[in-house]
Structures are given as structure tokens and as C-alpha cells.
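Q: Chain by chain, the residues:
Number of protein chains: 2
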Amino acid sequence: MPRTSRAVKLAALPDGLPGPEHFSVVDVPVPVPADGEVLVRNRYFQVFPSLRTLIGGGVKGTPFPPLRPGDTLFGAAVGEVVAAPGVAGLRPGDLVRHWLGWREHAVMPAGQCAPLDGTLPDPAAHLGQAGVAYTALARDARVRPGDTVFVSGGGGGVGSLAGQIARLLGADRVVGSTGSPDKAARLVSELGYDAAVVRGGRPIAEQLAEAAPGGIDVLVDNVGGEQLQAAITAARPGARFVLVGTLAGQLAPDRSGTTAPVEIDTFQLIAKRIEMRGFGGLDDAGPRPEWTERVGAWLRSGDLTFPHVRVAGIEHAPRALQELIGGRHLGAVIVEL
Amino acid sequence: MPRTSRAVKLAALPDGLPGPEHFSVVDVPVPVPADGEVLVRNRYFQVFPSLRTLIGGGVKGTPFPPLRPGDTLFGAAVGEVVAAPGVAGLRPGDLVRHWLGWREHAVMPAGQCAPLDGTLPDPAAHLGQAGVAYTALARDARVRPGDTVFVSGGGGGVGSLAGQIARLLGADRVVGSTGSPDKAARLVSELGYDAAVVRGGRPIAEQLAEAAPGGIDVLVDNVGGEQLQAAITAARPGARFVLVGTLAGQLAPDRSGTTAPVEIDTFQLIAKRIEMRGFGGLDDAGPRPEWTERVGAWLRSGDLTFPHVRVAGIEHAPRALQELIGGRHLGAVIVEL
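Protein sequence lines, in the order shown, are assigned to chains A and B. 39 is the number that full-length UniProt numbering gives to position 39 of the first sequence; each next residue is one higher, with no gaps. 196 is the number that full-length UniProt numbering gives to position 196 of the second sequence; each next residue is one higher, with no gaps.
One chain only, chain A, in its complex shape (with noise of 0.2 Å):
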């Protein structure tokens, strides 16, 4: 076993968009774990756009602290075990799923990684978007046969899986949002999306009312801003909206607390009787969660595919975060060790 291992720390507060020059990508000792915790070599860690929200000072009022210059980046990360001692049921070459990304060793307590059970055919799909996307809209938004789903950020990391797992529990009409009118060709094309509709163009309202006529019955927010506003707006009496991420002030160039806010008329929210809350997390305690059940069996059965972009090398993350943030990718983006 190596001595010494790499992890990637923020190495200067980007001003707007971060770039490879405010990361850097250090030699560290590899951790020793103590009894009770589990050492792991990471396979596949994922990059998420919530970094740039922490990257630009966090949210005051939130569980999440901001990271500072020095600090390792996280996410969720898929790796095998290297040593668990005194643990009981983990083995050195087991699979793991935990939040320690941006590192090619982590360690951490034995209860902050759980076992992959092989339901999913690949062990990156255990990275958690598709679960996210899953129990976003049959969980939190109750899809039923029928429903109109509008899912914003439609060709991203959650966005991408949403769009097919809405039809596969019986959504009649899936609409996403996209940047670029060739992402949008591609959400109809790849994705499965019955139509699609451009930011930075025309209204995202005008837009939506003409992809969906009758309404919407289900969003799933990966970007808040205009396009929340644009659901509230085209949403049907008891909507039910999943707040999933705030895309809208990640990917924005030219401000740094790259949140998302939103001018809401409460009056609407009233008067359609909607709900909207934000995302509850996954539900992964039991042996065999529901999520990895039945996307599992979708990826078996090729009824649902895995956008995912792989990046090899965790000398490439810094890079691969800023791709994701400038929107050149179509579904999530893994990086690969």
C-alpha cells in the first residue's frame, strides 16, 4: 500500500466562476484508520454544482459550512475497503458508498459508509443521483399515472435520470429545461423528454405554457430562479413540487453566493393549494432500498440508461467541475481513480 495518496483542496476563493487554478491537487499521508473506522481506496467520486454554493461562502442558516481555502472538497464517492478493524461485516476489497470524494483514500467511522448490495449493475450509479431522482418524484412528489412533470435542469446529473424515471411511473407528458437549444434537441432525443425548453431565451413561462398546455402537475428543481417561478405559474391546482437544487445561481457567471433566489407570490402558492419542499433524502437505511430495487431493475432491463460523462484521474476534477458548472455535459459527471 502507498504511503502517501492525492486529494484535491480549494486553494483560492474564486471570484465568479471557479476554474483549475483555485483548486490543487496535494500529496497527503494516507489516513490510518483507528478501530471502529474503515479505511477505503476510492473508485469513482461525483462532482456536484451544490460545491460552487459552498465554494462562494456556504448559506448562512443551513447545516452546511462553507469551505475555505485549504479545505479538501467532498461528495458522494463509491471505493473499496483497505482495512476495517474492529469492524464487524466490512472486509478489505468491499464495496462502499460515502460522502468522502476528492480523495483517493478516505477514512471515516464504520456508520458513515454503507455496503453496496449489487442491485445496481454499475457501482457508479450507487453514487446517488439516480436515488435522488427516484425518491424526488415517488416519494416527495407522489407521481401518479397521468401527471405533467416539468423537470428543471433537465440534462443534468438528477435532471437526466428524472426525466426517464417520471414515465416510468406512469407520467403522461415530461417536460425539461435545458441551455442550449442543442442540450434541448438532446433531452427530446436521448432522454426521453416530450419537450424541452431553453434558458436565456424567450420567457421560460411563454415557453412551458406552449410545451405544457394543460399544466403541470409535478416539478423537480434542480434550478429554482425564473423556472420555479415559470412552474408556479403553470402549475395545476394540488401540484406537488420537489426542490432538488439551485442550478440558477450555480451556473450564473457573474455573482458569487450562487444561490438561488426567488421572488415568489405566495397568493399563487394559496390559491393553487401547491406544495413545494425541498428534497427529504434518500431513504437508504434498510438492506435493500426501495430506489436501488427498482432502478436496478430499469438499468437491467434497458428501460432507463445512465447519462454519465467518466473523467479519469483525479488530477482532472478541478476541470471536470468547471465543465459541469459551464453546462457542457449531458447527465452526471463522475471522476474516475
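For the record, the hints were derived by calculation from the structure and aren't laboratory data. As the structure is a computational prediction, the values presented were derived from the model and not from experiment. Where a beta carbon is used, it is the ideal one built from N, C-alpha and C, also for glycine. Possibly wrong hints are sitting among the right ones.
[Claimed, not checked] Restraint-style ranges between C-beta atoms, simulated for each label pair:
#1 B:GLU263 - A:ASP94: 45 to 51 Å
#2 B:LYS60 - A:ALA12: 44 to 50 Å
#3 B:ARG144 - A:GLN112: 27 to 33 Å
#4 A:GLY201 - B:HIS316: 52 to 58 Å
#5 B:GLU80 - A:ALA209: 43 to 49 Å
#6 B:PRO69 - A:GLY201: 37 to 43 Å
#7 B:GLU206 - A:GLY280: 27 to 33 Å
#8 B:ALA297 - A:ARG91: 56 to 62 Å
#9 A:ALA209 - B:GLY280: 23 to 29 Å
#10 A:ASP27 - B:ARG142: 47 to 53 Å
#11 A:PRO29 - B:PRO213: 39 to 45 Å
#12 A:ASP27 - B:GLU263: 43 to 49 Å
#13 B:PRO69 - A:PRO65: 55 to 61 Å
[Said to hold, decoys possible] With a straight-line cut-off of 25 Å between C-alpha atoms, the simulated SDA-like cross-links for lysine to any residue are:
#14 A:LYS60 - B:VAL198
#15 B:LYS60 - A:VAL198
#16 A:LYS9 - A:GLU323
#17 A:LYS9 - A:GLU21
#18 A:LYS9 - A:PRO63
#19 B:LYS60 - A:ALA209
#20 A:LYS60 - B:PRO261
#21 A:LYS60 - B:ALA205
#22 A:LYS9 - A:ARG310
Add chain B to chain A, keeping to what the hints say.
A: For chain B alone, coordinates are given in the frame of chain A:
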């Protein structure tokens, strides 16, 4: 039976706050019920602040059309059946509740009125604000023992009951907001609030942080605007918000749109898994709805008081609305005919 009856119509659109000069009390023929319709002589109706929103032009995209000059106002009412030709189960003298207040006589299809079942000791309590308060807390916000509850507009028709009902459902600490230090004192001394915050003084978020230092689990929002923002800041993870009213706009002297737009940071909703929903309406289909059973028992035992002001005579209804919007009263404002 008289041939003529009186009704209140909108006479002119106000520029700012509506006053008696914007309404006219007119003589109209007593309507004649067709087969399957019910003619009701109203005994009470409720004056509610959302009328200002409808007078101010309504809100686009909602099911409520604006009120225009010449339109008769409306609102929850309780009255006595005068005639119900061809309607099974309703006899002259029966009390019913319905939505055609602001007139001495009303006629409607039988399906649009519901008989009072005697579960509430005061027929005026059937006007529904107790039902809104109970249902918002028990069903929509799922108040649990130990919760800290914030009721914005804590002295209003719904709020004055919600504060008391939150406690009866097991809330540990109940904080209300209101428009003046005088009313704040009455919230604590008469309505059982543990503490009250006052709008128009120091920032609500600052006052709320002191009144609920551990944060809030539940919001019953009758106000919107700054108070909703403050509640988001004060929310504990998993907080449940139910949106009932938009007094922030309706009480404002300087606006005629009269809704309550508010800037929300959706990242906070996500990070804290906040659930926010427009009030879902009363469950009052069954023969004895849950809210009338529970509220009736509390009213009879004296655990709950029904704070309200009665104004006698339909000709005073416009002034009652003006006083309601001016924040003159604590509790519901009911016109008695």
C-alpha cells in the same frame, strides 16, 4: 316574506385601501329558487382580508377572478333555509353554511350549501376559520407534541384560533406576530401565546430568533412577505409550513396589487428540507367532520375561546372590512344580520 333584500356591491375600485365609499348597499329582489335550489336568509357572514386581493385585481393564474364594480361581494356565511323545492333533506328553518355572504338572501344549488350539524356551540363558529386553523395545523403541518409553532398574523381570524389550537395539539411553544405592541400584549394575555413579535419595528427575523431561540418546527402563515422569510431563517430541519393568507399585501396601505411577493432562497428550503404548502382546504365532506368534533369539544370545555367581533347590520359591512384591513380587531370579524 319581503320582496326585496339588500346586498353589498363593489361600487368603485379603490386606489389604495378600500373604504365604505367604494361599496354600495343596494336593494335587490329576493331571488326565487328553481327546483333543486335553496333560498337562504343569511344570519352571519364573515369579512375576510383576501377580499382586498380580489378587489385589487386578483392574481393572474389563480382560480379566483377579480371583483369588478357592480359585483356582489362574497364570503363564508351561515343562514336559515327559507325554501328548498325538490331538495331532499333540507327543510325551512334548517341552518346551512355556504359561500354567498354579503347579501341578506342568497340562492344556490343544493350542492353548494351544507347543513350545520350542531357540533359547534355557536353557529357563527361554522363560518370556518376554526376549521382552517385546525386543519392547517393537524393535517397540513402535522403539529406534534414538543413542536415550536409560529403563527404569523397571530391575532387574526385564523391566527387567534391557531395559536390556541397549536397548544391543544401539544405544541411546546407558540409564538405569534401582530401589528402593534398593544395587540402583542393581548396575544400573550388573552390568546395563550408564549411570546409575540411585532411588525414595523425591529426586523422580524431578529425578534423571532429571541422569541423562539431553538428555531421553529411549524409555521401557520397568514401574512407572507418578511414574516415568511423570517420563518425560513428560523426553521429547524424538516419544518412544516402551511400558507393560509397574504396579509402582508392586503394590509399594506400603499399597494393595490395587495398580494405578498417574497424573495425566497430555495437553497435554504433544500438544505433544511422545509415543506411549504398552500392550505389544502377543509375536509368537511363527511357527516361530522373531524374539525367540528374537535373544535366543538374544546369550545364546550372552555379550553378554546372563539375571539371575534360582531357587527350588526349589512349596512356596516363595508366599515367592518375597512376596520379588519386596518388591523383594528382581534379575532374574526362577523357581520350579523
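Q: Hint by hint, say whether it matches the structure.
A: To see whether the hints hold, each was checked on the structure:
Distance hint for B:GLU263 and A:ASP94: a CB-CB separation of about 47 Å, consistent with the stated range 45 to 51 Å. Hint check: B:LYS60 to A:ALA12, Cβ distance near 46 Å, so the stated range 44 to 50 Å holds. Separated by about 29 Å at the C-beta atoms, B:ARG144 and A:GLN112 satisfy the suggested range of 27 to 33 Å. About 54 Å separates the C-beta atoms of A:GLY201 and B:HIS316, a value consistent with the hinted range of 52 to 58 Å.
Taken as a hint, the range 43 to 49 Å holds for the pair B:GLU80 and A:ALA209, whose Cβ atoms sit roughly 46 Å apart. Evaluation of the 37 to 43 Å hint for B:PRO69 and A:GLY201 yields a pass: the beta carbon distance comes to about 40 Å. Between B:GLU206 and A:GLY280 the C-beta distance comes to about 29 Å, which sits within the given range of 27 to 33 Å. Checked against the given bound of 56 to 62 Å, the beta carbons of B:ALA297 and A:ARG91, roughly 60 Å apart, stay inside it.
For the pair A:ALA209 and B:GLY280, the supplied restraint of 23 to 29 Å holds, since their beta-carbon distance comes to about 25 Å. Checked against the hint of 47 to 53 Å, the C-beta distance between A:ASP27 and B:ARG142 comes to roughly 51 Å, which is consistent with it. Between A:PRO29 and B:PRO213 the CB atoms are about 43 Å apart, so this pair conforms to the stated range of 39 to 45 Å. Taken as a hint, the range 43 to 49 Å holds for the pair A:ASP27 and B:GLU263, whose Cβ atoms sit roughly 45 Å apart.
Against the hinted window of 55 to 61 Å, the Cβ-Cβ separation of B:PRO69 and A:PRO65 comes to about 56 Å, which satisfies the hint. For the suggested pair A:LYS60 and B:VAL198, the alpha carbons sit about 24 Å apart, so the restraint of at most 25 Å is met. Annotation: proposed proximity of B:LYS60 to A:VAL198 holds, straight-line Cα distance about 24 Å (limit 25 Å). Proposed proximity of A:LYS9 and A:GLU323 is supported: the alpha carbons are some 18 Å apart, at most 25 Å.
The suggested pairing of A:LYS9 with A:GLU21 holds, with an alpha-carbon distance near 11 Å, which does not exceed 25 Å. Simply put, A:LYS9 and A:PRO63 have alpha-carbon atoms about 21 Å apart, close enough for the 25 Å limit, and the pair holds. Of the supplied pair hints, the one linking B:LYS60 and A:ALA209 holds, its CA atoms being roughly 14 Å apart against a limit of 25 Å. With a C-alpha separation of about 22 Å, the suggested pair A:LYS60 and B:PRO261 falls inside the 25 Å cut-off, and the hint holds.
With a C-alpha separation of about 13 Å, the suggested pair A:LYS60 and B:ALA205 falls inside the 25 Å cut-off, and the hint holds. Between A:LYS9 and A:ARG310 the alpha-carbon distance is near 21 Å, which keeps this suggested pair within the 25 Å criterion.
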